[in-house]
Every structure is written in structure tokens, then in C-alpha cells.
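Trainee: If you read the protein sequences in the order shown, they are chains V and B.
At position 20 of the first sequence (counting the first as 1) the number is 20 in our numbering, and the numbers step up by one without a gap.
At position 344 of the second sequence (counting the first as 1) the number is 344 in our numbering, and the numbers step up by one without a gap.
To be clear, the hints were calculated from the coordinates, so they are not data collected in a lab.
One thing to keep in mind: the hints can contain errors.
[What the hints assert, rightly or not] Okay, the calculated beta carbon distance ranges per label pair: (1) Pro8/V to Gln144/B: 45 to 55 Å; (2) Pro145/B to Pro8/V: 22 to 32 Å; (3) Asp69/B to Pro42/V: 22 to 32 Å; (4) Pro42/V to Ala242/B: 50 to 60 Å.
Since this is a predicted model, take the numbers as computed values, not measurements.
From the three backbone atoms N, C-alpha and C, an ideal C-beta is built for every residue, glycine too.
Each chain, written out:
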Amino acid sequence: MAVQVVLPGVLADLAGGAKHLEVEPGGGTLADLLDTLAAVHPALGRRIRDESGAVRRFINVYVDGDDVRFAGGLDTPVPDGAVVQVLPSVAGG
Amino acid sequence: MTDLLAIGTRKGLWLARSDDDRRTWTLGEPHLLAQEVAAVSIDTRGPTPRVLAGIQYGHWGPTVMWSDDLGASWQETDTGAIRFPEDTGAALARVWQLRPDGADRRGVVWAGCEPHSLWRSTDGGCSFDLVRGLWDHPHRPTWQPGGGGGAVHTVLPDPASDRVTVAMSTGGVYVSEDGGGAWAPRNSGISAVFLPEPAPEYGQCVHKVAVDAAGPDRMYAQNHFGVFRSDDAGRSWTSIAAGLPADFGFPVVASPSTPGTAWVVPLVADMQRVPPGGRLRVHRTRDAGETWAELGAGLPDRFWAAVMRDGFCADEGVPTGLYVGTRDGCVYASADEGDTFTLVADHLPDVLVVRAARI
Numbered sequence: 001m002a003v004q005v006v007l008p009g010v011l012a013d014l015a016g017g018a019k020h021l022e023v024e025p026g027g028g029t030l031a032d033l034l035d036t037l038a039a040v041h042p043a044l045g046r047r048i049r050d051e052s053g054a055v056r057r058f059i060n061v062y063v064d065g066d067d068v069r070f071a072g073g074l075d076t077p078v079p080d081g082a083v084v085q086v087l088p089s090v091a092g093g
Numbered sequence: 001m002t003d004l005l006a007i008g009t010r011k012g013l014w015l016a017r018s019d020d021d022r023r024t025w026t027l028g029e030p031h032l033l034a035q036e037v038a039a040v041s042i043d044t045r046g047p048t049p050r051v052l053a054g055i056q057y058g059h060w061g062p063t064v065m066w067s068d069d070l071g072a073s074w075q076e077t078d079t080g081a082i083r084f085p086e087d088t089g090a091a092l093a094r095v096w097q098l099r100p101d102g103a104d105r106r107g108v109v110w111a112g113c114e115p116h117s118l119w120r121s122t123d124g125g126c127s128f129d130l131v132r133g134l135w136d137h138p139h140r141p142t143w144q145p146g147g148g149g150g151a152v153h154t155v156l157p158d159p160a161s162d163r164v165t166v167a168m169s170t171g172g173v174y175v176s177e178d179g180g181g182a183w184a185p186r187n188s189g190i191s192a193v194f195l196p197e198p199a200p201e202y203g204q205c206v207h208k209v210a211v212d213a214a215g216p217d218r219m220y221a222q223n224h225f226g227v228f229r230s231d232d233a234g235r236s237w238t239s240i241a242a243g244l245p246a247d248f249g250f251p252v253v254a255s256p257s258t259p260g261t262a263w264v265v266p267l268v269a270d271m272q273r274v275p276p277g278g279r280l281r282v283h284r285t286r287d288a289g290e291t292w293a294e295l296g297a298g299l300p301d302r303f304w305a306a307v308m309r310d311g312f313c314a315d316e317g318v319p320t321g322l323y324v325g326t327r328d329g330c331v332y333a334s335a336d337e338g339d340t341f342t343l344v345a346d347h348l349p350d351v352l353v354v355r356a357a358r359i
């Protein structure tokens, strides 16, 4: 079973316009999932993570509703059927 | 014949055009709206002018984009034009400078970035390689970030030799004579008021460096307090601040065509980054810093903003045209080397960089 990735509109343009992507997780963790996503959509991948692999400061990622910063970070398990949502945080001006 | 002015701001890029030898300007619609554009260059070496922009996508990180149709469309490299190699463990924070090399080195573009790093492209800015010679310099771990971050903000390739000069805040001036392989600091004579005396070999907060039209060995530096000139490619620097109302400021611009002619925009001090008396004024030397003249025709009084290090530039016209972009979102242009200025744009977001070219 694939994982559903939910993107904000501004990032959906980098994934062919789709706000909901079905992604084979590729492994068991969020890092694996984001690697898979970046391999298919490299411009999308680097909006979410920098080249060192870290999730960008003002990006929040939720796995089944839980903020990964308060879970396992990139090692957060992403089980089959999970919903992974990417959201920009409250920042800017 | 068209003169093009690129204005990078905190929230987008604007292009202005002049078709009457810089007498009047038409400001276009915004490009890259809501993106910070801290670096811009106009590369005129190819069949069509290429506008390069170093942008910060807000939440989504920095990158380099380019347009070969004067902003009608923008491209970027999918994987990112500037990516730190994995072994560095670093990540690009901001593109501070984009600088095409000389006409004989078509395709070569240099980038100065944060964290302190220099990059070189051979494909017109689509992709860059880290200049390892500077990255691996033993001094690098001790370069400290200035108020805006730790960055290589000035890149000056000499089109006639393998010399490359960079300046950074902090770190100071470094020069390579072999195209970027080996680097040495060249800060002798430049003060560092934020460090114990005597001034160190490196670590100065040099805000901007410009090369005089007389040749690559003569340079000007606007320092974090102090304005200096070197006549020996940075090996020694002497103060040329006498005659200025203040020796703090960010930009220094040299005429590409008239030796000995350069301009600065003094600010009161680091703790008071406004022009003396609240009057925006450009100061010009005609004798390589021996004397200075205040220029203010067309520039505002009751001005309490500042001009950033790349918010001031010269074009390659004769006489030299000048462009001053301010943190209160105005751009002033002069077609007569600063004798008079006219307003090109106002009510923009704060201006970070201006660049002009004849296309």
C-alpha cells in the first residue's frame, strides 16, 4: 500500500499540479519517503529539504497528524497507508 | 539601444528600461514576486542577455534562477544550481553575489554565498562547483558572520589574468592568483574596530570592494568603519576617508571607464545606520580618494533609511551611469556620474541589489 503525500498548492506545481500524491514509501522512514519523492520530483525535494538532507527550518511535516519534529524527525516511521502532510510554518512577512 | 536596470528587493525583482540613453526609465511589473532577490546579474556575453537572480524562496530555500527573455520566463536547475557537496555537511543559506567573468570566459559565472563560500559555473549559471581552495582554507572555521550572516559577498574576477579577489563579512579580503586554487588574505592596513588592536591578518568586516578603471591592482574598500585604497592588489591598504562626513557605509562603486573615480554612500555609524543629517548623499572622488565631493541633486532629505552593499552600482556607459537603491524602496539613477539623480522607482520593497547593463 502506498503512502499519501499531501502538498500545499505552491508545492503542487512542482509535482505536476497534484496536491495529493500516492508514493511508494521505499523504506520505513520519512527520510526514505522523501528520498523517493525527490528522485521523482527533484525540485520539490529540495523545497522540503536542503542538500544536507535536513528538513528546511520553516517547513513542517506531519505523519498521520503528528509533527515529526516532536517524533522521530527524519527517522519517523511511515507505515503503509500513512498520510504525510507538508505545510509551511507560520513565518515570513 | 536599451539600458536595462535590474532591481532585486526583499520581495521580488523589477526590471526598468531606458531607450533614450538613460534620460527616462520605464519600470516593469514584478518578477519572482514575494521572493527575496539578494543577488542579480545581467550577463551580456551571449546572443541574448541573461538575467541571473539569487533568490530565497521564503520557506522553500535559496537557489539561482535565470531568464533569457528579460523576465518573461524563468528557469532553474531541478536539483539546484548551487548544492554543497555531501562531504561538507553544509547547506546553502543565501546567494549573495552573482558575477559573470570576462568576455573571453563566456559561460563562466562566479557566485559568492552564505555560508562563506565561492562557486564557479562554466554553463552560464545553471550549475556551480564549490571552489575548494577557499572552502578548505585553514582560516575558514574562524571567519565569523557579520550582521547579515557569514558570506562571500564580493567576487571580482580579473578578466585579464587568473586573479580572483573576494571580500567577506567577516574575514576580509582574500586573493587567489591562480583562478581559485590558493588563497591568501590581503587586509594589511584595514582596521577592525570590533577586535583588539593591532588589526589582524584577517577577520576584518570589509563591506564591499571595487576595482578602479586604472587597472586591477588599484582597488577601493568600504569597511566596517574606514574607506581604503590599495594600489598593489590588496597587499597594502591606506585610508582615503579624509573628507568624508563619516567612514561607515556599505557600498563602494568605481567607474568602469574613468580612472580614479569612485563613489560611496556614508552612514553615520554601525549603531546608527542612517546618512549624516538624514540626507541621502553620494560622495564622489575624482582622484582615487584624495578628495571627495558631496552629490545630492535629486536625492532626498529627511531620509532615514540606508543603502545596502549591493544597492549601488555603475553601468558601463560614458559618462558612467549610477543607480542607488534604498531600503525604503526607492531607486535613483544618474546619467552624469552623480551630478544629478532622478527617481526611477519608489514604494518597492527594500532594495537589496541593483545592476545595470546595455543590451
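Trainee: Does each hint fit the structure? Answer for all of them.
Mentor: Right, here's what the structure says about each hint:
no., hint, verdict
1, Pro8/V to Gln144/B: 45 to 55 Å, "36 Å, violated"
2, Pro145/B to Pro8/V: 22 to 32 Å, "31 Å, holds"
3, Asp69/B to Pro42/V: 22 to 32 Å, "24 Å, holds"
4, Pro42/V to Ala242/B: 50 to 60 Å, "54 Å, holds"
When held up to the earlier numbered hints, the structure conflicts with hint 1 and nothing else.
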